[in-house]
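Sequential numbering of the sequence shown, starting at 1, is according to UniProt numbering.
Have a look at the derived ranges for each label pair, beta carbon to beta carbon:
{"hint": "1", "residue 1": "GLU301", "residue 2": "GLN103", "range": "34 to 40 Å"}
{"hint": "2", "residue 1": "GLY93", "residue 2": "LYS354", "range": "55 to 61 Å"}
{"hint": "3", "residue 1": "ARG119", "residue 2": "SER547", "range": "25 to 31 Å"}
{"hint": "4", "residue 1": "ARG119", "residue 2": "ASP300", "range": "29 to 35 Å"}
{"hint": "5", "residue 1": "GLU459", "residue 2": "LEU333", "range": "35 to 41 Å"}
{"hint": "6", "residue 1": "PRO261", "residue 2": "PRO207", "range": "34 to 40 Å"}
{"hint": "7", "residue 1": "ALA360", "residue 2": "GLN103", "range": "52 to 58 Å"}
{"hint": "8", "residue 1": "LEU171", "residue 2": "GLN70", "range": "46 to 52 Å"}
{"hint": "9", "residue 1": "GLU459", "residue 2": "TYR56", "range": "48 to 54 Å"}
{"hint": "10", "residue 1": "ALA456", "residue 2": "SER104", "range": "47 to 53 Å"}
{"hint": "11", "residue 1": "SER104", "residue 2": "ILE551", "range": "33 to 39 Å"}
{"hint": "12", "residue 1": "ASN63", "residue 2": "LEU171", "range": "44 to 50 Å"}
{"hint": "13", "residue 1": "ASP142", "residue 2": "GLN248", "range": "34 to 40 Å"}
{"hint": "14", "residue 1": "ASN63", "residue 2": "THR453", "range": "50 to 56 Å"}
No farther apart than 25 Å at their CA atoms in a straight line, the calculated lysine-lysine pairs in the PhoX-like style are these:
{"hint": "15", "residue 1": "LYS433", "residue 2": "LYS363"}
{"hint": "16", "residue 1": "LYS460", "residue 2": "LYS433"}
{"hint": "17", "residue 1": "LYS450", "residue 2": "LYS499"}
{"hint": "18", "residue 1": "LYS450", "residue 2": "LYS399"}
{"hint": "19", "residue 1": "LYS460", "residue 2": "LYS499"}
These are computed hints drawn from the structure, not numbers from a lab. Predicted, not measured: the structure shown is a model, and the values here were computed from it. Ideal placement from N, C-alpha and C gives every residue a C-beta, glycine not left out.
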Amino acid sequence: MIPVATRSLSFSNHAPRAFQVMHELLQRKELCDVTLQVGSREFRAHRIVLAGCCPYLRAMFTNGMLETGQNVVTLQDLDEELMETLLEYMYTGCVTISTTNVQSLLQGASLLHLTDLHRACCQFLQLHIDAANCLGIHAFADVYSCTELESVSRRYINQHFSEVIHHEEFLNLPECRLVELLSSDHLQVSSEEQMFEAALMWVNWVPSERQALMCGLMKQVRLPLLSDEFLENVVLQTEIVHGCPKCQSLVASAMHTKADPTSLSLISPRSQPQGIYVIGGRNSSDCQLKSMEKYDFLRDEWVTMGNMQIARTAVGAATLNGLVMAVGGECALAEPQDETMYLRCVEAYNPRLKEWLPLADMKVARSFASVCVSGDYLYALGGEDRTSTFNVVEKYDYKANSWSFVSSMQRKRAGSGVAVCDGRIYMAGGYDKSFHTDRASVECYDPDTKEWTFVAEMEKARSGLTLVTLGHCIYALGGRSRHNDMYYESVERYNTWTKQWSSVAPMNSPRAWPSVAVVDNRIYVIGGFDGSNRLRSVETYDPEHDSWTFIASLNMCRAGSGATVL
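Sequences and hints are given; from them, build the entire structure.
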């Protein structure tokens, strides 16, 4: 028997060509078998195309509903212009979304269950959220069950509340929505004073209608958290409060609570605005620093915060349990000045108490250790002292306030980059005194198996670099080569899915021993040393445009500092 020759073919342009013909038939109104009645207009169309593109109409045509056998189908809650756009979309897959039509498109997509268009409209709105429209977008997303858009807009409101209150959307909120906002624990404000000011601004927008509501709004303000000066000189002197016995009673009760530490401790502050904290390092005068600065995103400025108990450079930093952790490092001995003390001590900054508190010491004193948080634990990896480079790894348990050793790395490293991605810890580069060499190797620790494995090496061997995670990628930034005394502005990206390194846009300045942070899908690289000078400059990377831009500089030069986000 002669074997039958076969060949399977798939023509990628078959379906697009068929839809192109159907669109031409629509334009000529040929072979149409159904009419959509929207307002005063009739739209001729093909039942099979509508059923294939629109789940809502498919259900109408196939589930035995009244419309199944009708030639004319009336659609409610759609306007004529919108229906024309949606029909064009169903036949061609093309649509133009703009700030003027996105809400009506989203309404139509929601009604007709056009999931791809619904998703595209939500993504468009996410890209265009700002302080002037976030409240409206949030309300809109809630009505039309746009879960991700609702979450993104809510997060934007929380993070930018101080800006939101200056726009008409806020001033025109209904009372019930304002009460819901003012009662939230998640609004990120620099102080509770802003909450009182927001309530007062809303009342003063339409004072004749809203003055009587001030007392109810003040109940949502955590008055005991206001300073005595603000209560006495601002709140009580406000005309509305001054003339309202109930408002004055609320202030008196707040004063009483402030005088009772036990009662005051039961009132929790709202979320503080997220900021980048930078600690320690070495300045332009070669002095180790105990100072801390915080980046204020709203004002684009660095604010000086409370000093650490010990001046230190080559310090590790991370956030654990709402605390800024300062781990190890080195400092100069008082006598003699040129001697270095390698530190095992750890301290933590409590932003609520605004003070640094000592925690349990590491088992190994070291500088240039890499510090990160994975799960519930803080890790300190590698580092060096006067004579040795380490591969030891310690894990800190906050509940027990104790350190313990875990599996050592396969290579000794100091001044390495560390990042956590999908629960695994990656250590890249670093310097080994034993071999007087910078490393290109990268190894990965799995806390579940407690094993270290090598992954693909970086393109450049380097120490004094920093490592950070964005999505499923890890970025290696800056550093230096001791072999040829070069300082790098280059940036490499490791894709944890493809297991490969590639180059992305370089920084504007070479930087060794910078600190790094990630906020809202952007990388912030802070300070460092360019081979000649310690730096104040800070630049941020936008992965969408593969570009770097400068933001406000630090108040002082820092290299070997630590950075974390809280």
